[in-house]
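Protein chains in written order, with my numbering: chain A, 40 to 377; chain B, 8 to 349; chain C, 3 to 330.
Hints were generated in silico from the structure; no laboratory data involved. Predicted model, so just to flag it, every value in this text is computed and none were measured. We put the beta carbon where it would ideally sit given N, CA and C, even for glycine. Accuracy of the hints is not assured; some may be wrong.
What the hints assert, rightly or not - Listed next, with one range per pair, are the computed distances between beta-carbon atoms:
(1) B:Thr206 / A:Thr57: 50 to 58 Å
(2) B:Asn127 / A:Ser110: 40 to 48 Å
(3) A:Ser110 / C:Ile162: 40 to 48 Å
(4) C:Arg158 / A:Gly247: 29 to 37 Å
(5) C:Thr234 / B:Thr88: 36 to 44 Å
(6) A:Leu349 / B:Thr206: 54 to 62 Å
(7) A:Thr57 / C:Ala305: 55 to 63 Å
(8) B:Asn127 / A:Thr280: 33 to 41 Å
(9) B:Asp218 / A:Val347: 29 to 37 Å
To be verified - 30 Å max Cα-Cα, derived BS3-like pairs, lysine-lysine:
(10) A:Lys80 / A:Lys116
(11) A:Lys177 / B:Lys295
(12) A:Lys64 / C:Lys276
(13) A:Lys116 / A:Lys64
(14) B:Lys152 / B:Lys168
(15) B:Lys324 / A:Lys241
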Amino acid sequence: MTENIIEVRDLVKHYPVTRGIVFKKTIGQVKAVDGVSFELKAGETLGVVGESGCGKSTLARVLMNLERPTSGQVLYKGQDISKLSGGALRRLRRQIQLVMQDPYTSLNPRMTVGDLIGEPFEIHPEVAPRGSRRGKVKELLDLVGLNPEHINRYPHQFSGGQRQRIGIARALALRPEIIVCDEPVSALDVSIQAQVMNLLEKLQAEFGLSYVFIAHDLSVVRHLSDRVAVMYLGKMVEIGTEDEIYERPTHPYTQALLSAVPVPDPTLRDNKAIIRLTGDVPSPVSPPSGCRFRTRCWKAQDVCAQEVPLLQIRRGSDHPSACHFAERREIVPTHEAA
Amino acid sequence: MSEQSAAGADGSGRPSGRLLEVDDLRVEFRTRDGVAKVINGVTYHVDAGETLAVLGESGSGKSVTAQTIMGILDTPPGFVTGGQVRFHGKDMLKMSSEQRRRIRGEGIAMIFQDSLSALNPVFTVGFQIAEQFRIRRGMSRSDAKKRAVEMLDQVKIPNAKGRYSNYPHQFSGGMRQRAMIAMSLALDPEVLIADEPTTALDVTVQAQIMDLLGELQRERQMGMILITHDLGVVADVADRIAVMYAGRIVEEADVYDLYAKPAHPYTLGLLNSIPRMDEKGQELRTIKGLPPNLMNIPPGCPFNPRCPMAQPVCREKVPPLLQIGSARASACHFAEELVNRD
Amino acid sequence: MSDPSTASIVSTPPATMPTEAGSGAPTNAGLPESAQKQQKPRGLLGDAWRDLRRKPLFWISAAFIVLFLLMAAFPSLFTSGDAVNGALSRSRVEPSAHAWFGYDVQGRDVYSRVIYGARASILVAVLSTLGTLFIGGAMGIIAGYRGGWVDALLSRIADIFFGLPFVLGSIVILTTFNGAGTDNGEWKIMGLVIMSLTVLSWPVTMRLMRSSVLATKEADYIVAARALGAGTGRIILKHLLPNCLAPLLVYGTIMVGSFIGAEATLSFLGIGLKTPVVSWGIMISEAQNYIRVSPFLLFFPAAFLVAAVLSFVMLGEAVREALDPKLR
Numbered sequence: 040m041t042e043n044i045i046e047v048r049d050l051v052k053h054y055p056v057t058r059g060i061v062f063k064k065t066i067g068q069v070k071a072v073d074g075v076s077f078e079l080k081a082g083e084t085l086g087v088v089g090e091s092g093c094g095k096s097t098l099a100r101v102l103m104n105l106e107r108p109t110s111g112q113v114l115y116k117g118q119d120i121s122k123l124s125g126g127a128l129r130r131l132r133r134q135i136q137l138v139m140q141d142p143y144t145s146l147n148p149r150m151t152v153g154d155l156i157g158e159p160f161e162i163h164p165e166v167a168p169r170g171s172r173r174g175k176v177k178e179l180l181d182l183v184g185l186n187p188e189h190i191n192r193y194p195h196q197f198s199g200g201q202r203q204r205i206g207i208a209r210a211l212a213l214r215p216e217i218i219v220c221d222e223p224v225s226a227l228d229v230s231i232q233a234q235v236m237n238l239l240e241k242l243q244a245e246f247g248l249s250y251v252f253i254a255h256d257l258s259v260v261r262h263l264s265d266r267v268a269v270m271y272l273g274k275m276v277e278i279g280t281e282d283e284i285y286e287r288p289t290h291p292y293t294q295a296l297l298s299a300v301p302v303p304d305p306t307l308r309d310n311k312a313i314i315r316l317t318g319d320v321p322s323p324v325s326p327p328s329g330c331r332f333r334t335r336c337w338k339a340q341d342v343c344a345q346e347v348p349l350l351q352i353r354r355g356s357d358h359p360s361a362c363h364f365a366e367r368r369e370i371v372p373t374h375e376a377a
Numbered sequence: 008m009s010e011q012s013a014a015g016a017d018g019s020g021r022p023s024g025r026l027l028e029v030d031d032l033r034v035e036f037r038t039r040d041g042v043a044k045v046i047n048g049v050t051y052h053v054d055a056g057e058t059l060a061v062l063g064e065s066g067s068g069k070s071v072t073a074q075t076i077m078g079i080l081d082t083p084p085g086f087v088t089g090g091q092v093r094f095h096g097k098d099m100l101k102m103s104s105e106q107r108r109r110i111r112g113e114g115i116a117m118i119f120q121d122s123l124s125a126l127n128p129v130f131t132v133g134f135q136i137a138e139q140f141r142i143r144r145g146m147s148r149s150d151a152k153k154r155a156v157e158m159l160d161q162v163k164i165p166n167a168k169g170r171y172s173n174y175p176h177q178f179s180g181g182m183r184q185r186a187m188i189a190m191s192l193a194l195d196p197e198v199l200i201a202d203e204p205t206t207a208l209d210v211t212v213q214a215q216i217m218d219l220l221g222e223l224q225r226e227r228q229m230g231m232i233l234i235t236h237d238l239g240v241v242a243d244v245a246d247r248i249a250v251m252y253a254g255r256i257v258e259e260a261d262v263y264d265l266y267a268k269p270a271h272p273y274t275l276g277l278l279n280s281i282p283r284m285d286e287k288g289q290e291l292r293t294i295k296g297l298p299p300n301l302m303n304i305p306p307g308c309p310f311n312p313r314c315p316m317a318q319p320v321c322r323e324k325v326p327p328l329l330q331i332g333s334a335r336a337s338a339c340h341f342a343e344e345l346v347n348r349d
Numbered sequence: 003m004s005d006p007s008t009a010s011i012v013s014t015p016p017a018t019m020p021t022e023a024g025s026g027a028p029t030n031a032g033l034p035e036s037a038q039k040q041q042k043p044r045g046l047l048g049d050a051w052r053d054l055r056r057k058p059l060f061w062i063s064a065a066f067i068v069l070f071l072l073m074a075a076f077p078s079l080f081t082s083g084d085a086v087n088g089a090l091s092r093s094r095v096e097p098s099a100h101a102w103f104g105y106d107v108q109g110r111d112v113y114s115r116v117i118y119g120a121r122a123s124i125l126v127a128v129l130s131t132l133g134t135l136f137i138g139g140a141m142g143i144i145a146g147y148r149g150g151w152v153d154a155l156l157s158r159i160a161d162i163f164f165g166l167p168f169v170l171g172s173i174v175i176l177t178t179f180n181g182a183g184t185d186n187g188e189w190k191i192m193g194l195v196i197m198s199l200t201v202l203s204w205p206v207t208m209r210l211m212r213s214s215v216l217a218t219k220e221a222d223y224i225v226a227a228r229a230l231g232a233g234t235g236r237i238i239l240k241h242l243l244p245n246c247l248a249p250l251l252v253y254g255t256i257m258v259g260s261f262i263g264a265e266a267t268l269s270f271l272g273i274g275l276k277t278p279v280v281s282w283g284i285m286i287s288e289a290q291n292y293i294r295v296s297p298f299l300l301f302f303p304a305a306f307l308v309a310a311v312l313s314f315v316m317l318g319e320a321v322r323e324a325l326d327p328k329l330r
């Protein structure tokens, strides 16, 4: 449990904003991910939460090596994956797999389920000899709770939750060590969402998988994660164990985020103190100086505009927080056991 | 099979002084693959100053009901095959399209989930609001503009005057949703239907918008129908809740009763399957299976194949929505047992 | 679904949602039977086929096309007459029970000539279509997938060809290689006509393919395939091409029709197919001087031409409706 399987150091990903068709002129940078460091331990689930535009999906793409980082490193067992190419990169891909958000667009509509789940074996033929593949595909279907006899069906013949299971089976085919889940349940209905979350937990226990679980739904993240990282506008503002973040948050943004989550219990309606944030998330092209959250923060002082707060352990707290005025505050209403 | 509304208790089906009533509404979609029975006898009502939440998963018919009320159902493929939608006691389904058009906006207004596609991208936001005042109220250009700025101000858009001449794409998601609320409230409707108004928004913005909606609703004493799948949002704002499944209301109750003691196994299953931030759970208790195919709804109770309590009777008889106790109703053969179990 | 034990998580209802609203007539009767059928695996093309089978438009146009193709392949099935040699004594003899379509100026049987003419017309149209689809499609995929300067360069080249007026362009090409003084054989003439049609039409298919690739390239399933480690070849052949082919297929069908017309136009202008070849265009061209005295000389080849063009255009229309996901 203690081995770092992934280490991310000072990761930066900027996208140039260009103008012109033939002669492109760069007029700015979208600072999607701007200096993020964390590690993922073998067998754990790291939840990454944040609102839209905070850079969590870009982070997933860089982890998957679908995009090269502008600077910084992603180390898989000490090896910088962004420097890999050719055969080494292909071998790495067997270890890190991706489950995407939208079960309707992430499966090629012209391929049968058998082809879809069998495709990883075709790309990495060394994993399974040709003759055994169909059997393996059926095993995988069974594993994710689908009928193996449906191997010849097309994606559009399945419901959203079933398609997400197909996506999971595909990611599992090569027996990876890490699965990056980019909002895997946010497109699903409540009752189906719970089924898929249970499946993810079952598979983790069975195969010792590590998950990077990216989501905007804080309840889902808490349910699945061992540790949680909170992102805001390309920066990580707080990271800690699930208890540390949900019970003892110290960053104002985390506190506001937690307080805004609607709790399905009408009796808590009146004794819930929601921290109201004003305004919207600023543009990642020109983020505020100093602390990026200061434009919406009720604690902001002059120092927040001048100095970028580092993600470090602050006084009176047990986990790193990127706020000059980090302070414990209880947010999540304690719920008497039903 | 007559399904009685829980609170429409006079039973006569005659105008009962309700603001908006949906009575045994039935809608089907005729597609080339067959006929999908999307709404199968939905009955609910909303009064001035109250918020009714209609809760359901995709395909439960919650949005189609709203579209039918507004008269914006796509026909074909959608056809109303029975029931009434009464506004101030008059059946809107029998009105001329001109009469219905007049009710839209002034009587009943609607806000949508996707504010970007609900606003016309080629006109400024302010113009789209002002246009209503000019056309429906016959105001002059400058008066209409003044009122539109007021509306933008009321929905707490900062610098309303300056924002008046912005285009929808220049607004952020939250601001656009505010603008749409301003637009739908411009003509002072008595009923506001909000169809998943915050689903596309981030949680901090979602809280802002729900606050705003609640505030405006109290101020104006509007009846509000909040359509959503989010059990959390509902718990915060609703007075009453109607739970829909496969085109029927399966349970209707006061918000506190519903969360404390669900009277339908589907509601119970839904409540059990949400991960709760305030409870570190182990395995989530899920509802097994999938919602039924609306072209082939199972006989008896539509929930029976997924129901842990199902008995032979559930496969044979459709349970009507019957009142239990004073102010709640459930469409389950074993509702009494569910409620009375400790 | 009536047995509750089958409704576990693994059961799959026929995936038809009410939102997939079609314009087709509702088939209320025999619903259980059609539900049975849906258990069989079926791709999107299968769906389209199921749809096509219901359309009378499709059957009528398909029947005509089959008829024309048979004519082109086995003209002797339809006529035992001679299309090339005639007797001047029968010059411009009107249609009769003996010769249904009459005889032309040189005393050749018009019926036989119309039948034999199908071969050249359809061969030219089909080959030009294939060429256009192949060249345009390949260029479109390269431009769309690679993007950047490759896209810019290929698109500009396409713009240049697109800018050439069709008739003017083919007149220039054909008078150069197939002018009055040249003595080309039957196949060489056909090849030249096919080439000029292809060269002047590929930019349209390229644009179609390019925009289709651009839209598909960013799809989640392409990203997913890249994440699996799929190479460029696999992504193009397995993921991009099958999903981009539909509009091309539709356009191709319609294009066969319009190329039949284009071939006739060129032949009529005297720069397309020429006399040892028999084609509808040539017949129309030859008939133009006798329109007033012997209108049947013009009427029969023109009727066949119109019927063929219409059949292909209608088939394309039917296929488009069946494939268009928006109508689903």
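Right, here's what the structure says about each hint:
Remark: the range hint 50 to 58 Å for Thr206 (chain B) to Thr57 (chain A) is contradicted by a beta-carbon distance near 33 Å. The hint said 40 to 48 Å for the Cβ distance between Asn127 (chain B) and Ser110 (chain A), and at roughly 43 Å that hint holds. A beta carbon spacing of about 42 Å between Ser110 (chain A) and Ile162 (chain C) agrees with the range 40 to 48 Å that was offered as a hint. Range check, Arg158 (chain C) to Gly247 (chain A): about 55 Å between beta-carbon atoms, so the 29 to 37 Å window is missed.
Here the CB-CB span from Thr234 (chain C) to Thr88 (chain B) is close to 53 Å, at odds with the stated 36 to 44 Å. At about 36 Å, the CB distance of Leu349 (chain A) to Thr206 (chain B) disagrees with the hint of 54 to 62 Å. Checked against the given bound of 55 to 63 Å, the beta carbons of Thr57 (chain A) and Ala305 (chain C), roughly 57 Å apart, stay inside it. In this structure the supplied range 33 to 41 Å is violated for Asn127 (chain B) paired with Thr280 (chain A), their Cβ-Cβ distance being about 48 Å.
The beta-carbon spacing between Asp218 (chain B) and Val347 (chain A), approximately 32 Å, falls within the hinted interval of 29 to 37 Å. Distance check on the hinted pair: Lys80 (chain A) and Lys116 (chain A) sit about 10 Å apart at the alpha-carbon level, within 30 Å; holds. With a C-alpha separation of about 22 Å, the suggested pairing of Lys177 (chain A) with Lys295 (chain B) holds against the 30 Å cut-off. Taken as a hint, the Lys64 (chain A) and Lys276 (chain C) pair is broken in the structure, with Cα atoms around 55 Å apart against an allowance of 30 Å.
Taking the CA atoms of Lys116 (chain A) and Lys64 (chain A), the gap is near 39 Å; set against the 30 Å cutoff, the hint is violated. A hinted pair counts as satisfied when its Cα atoms are at most 30 Å apart, and Lys152 (chain B) with Lys168 (chain B) qualifies at roughly 9 Å. With a C-alpha separation of about 37 Å, the suggested pairing of Lys324 (chain B) with Lys241 (chain A) is violated against the 30 Å cut-off.
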